[in-house]
Amino acid sequence: MSLLEPDEPPAVEIVNPQGTSEAVLICDHASARLPRRLGDLGLSEAQRLEHIGWDIGAAAVARRLSLAIDAPLVLTGYSRLAIDCNRPPGVPTSIPVLTGSVEVPGNRDLSEADKAARVTGLFEPYHAAIAALLDGRAAAGKASAVLAIHSFTPHLGDARPWNIGVTYGRDRRLAGCFLETLQAFWPGIVVGDNQPYAVTDSGDYAMPVYGERRGLLHVLIELRQDGVTDATGQIRWADRLAACWRQFAGDLPALALQPVS
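Per the working numbering, residue 513 is the first one in the sequence shown, and the count goes up by one each step.
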């Protein structure tokens, strides 16, 4: 039985697939929607709409950025409470039983078949779409740089001072461009260098798989949620990211030839 019913939205949304930019945008936590068959997972609507369910503001920023720089964008259609599309399947945070301090009753004691249905129904279609997009561009001789758009909570115990985080794992090349440009253009902004998180193999999926393994330039952008909760903030941050991209886009062919650092 399919996890999604025929009249439900698809597991993945692709915006502007023919975009001419070298940037390929992805949004791993774009939606708070749950598949109908999963019910509410034992959570209230208010809980599901908090950060545990999705990255607040990230999809709106990604959509405007896609339009601003004419970039293709791939977004998840369902909540990370069902399955986190930025975690390797099988790790404890892939289908979380506890997220933050919140228990997720509907994720407790799942059978292997239940877990596989979420991988097949939600995780695989999203990543198949990203892979197909990148493969198609490569076949057409079009270079790609992968930009993931996320958001983070203003507090995790202590206050988090960063307005934006520029994060990466083994390859800092594209992240360095964003860090330098953000700090030069807006010196009053607090920019996190691999804050509030660094990219890791167990805590991330897209950057290791589409960036590091394919040898593509890549970066994961984290926006503090209190700056992107409304349209004004979403527009402001999308426009800032677009301005950064335009500043160094012409340098990317040379950057791609530099050693990974």
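Simulated from the structure, these hints should not be mistaken for laboratory data.
You may find that some hints are simply not true.
[Said to hold, decoys possible] Distance condition first, Cα-Cα at most 20 Å in a straight line; then the derived EDC-like pairs of lysine to aspartate or glutamate:
1) K654 x D552
2) K654 x E517
3) K627 x E517
4) K627 x E615
5) K654 x D582
6) K627 x D552
Those earlier numbered hints the structure runs against, lowest number first: The structure breaks hints 1, 2; every other hint is satisfied.
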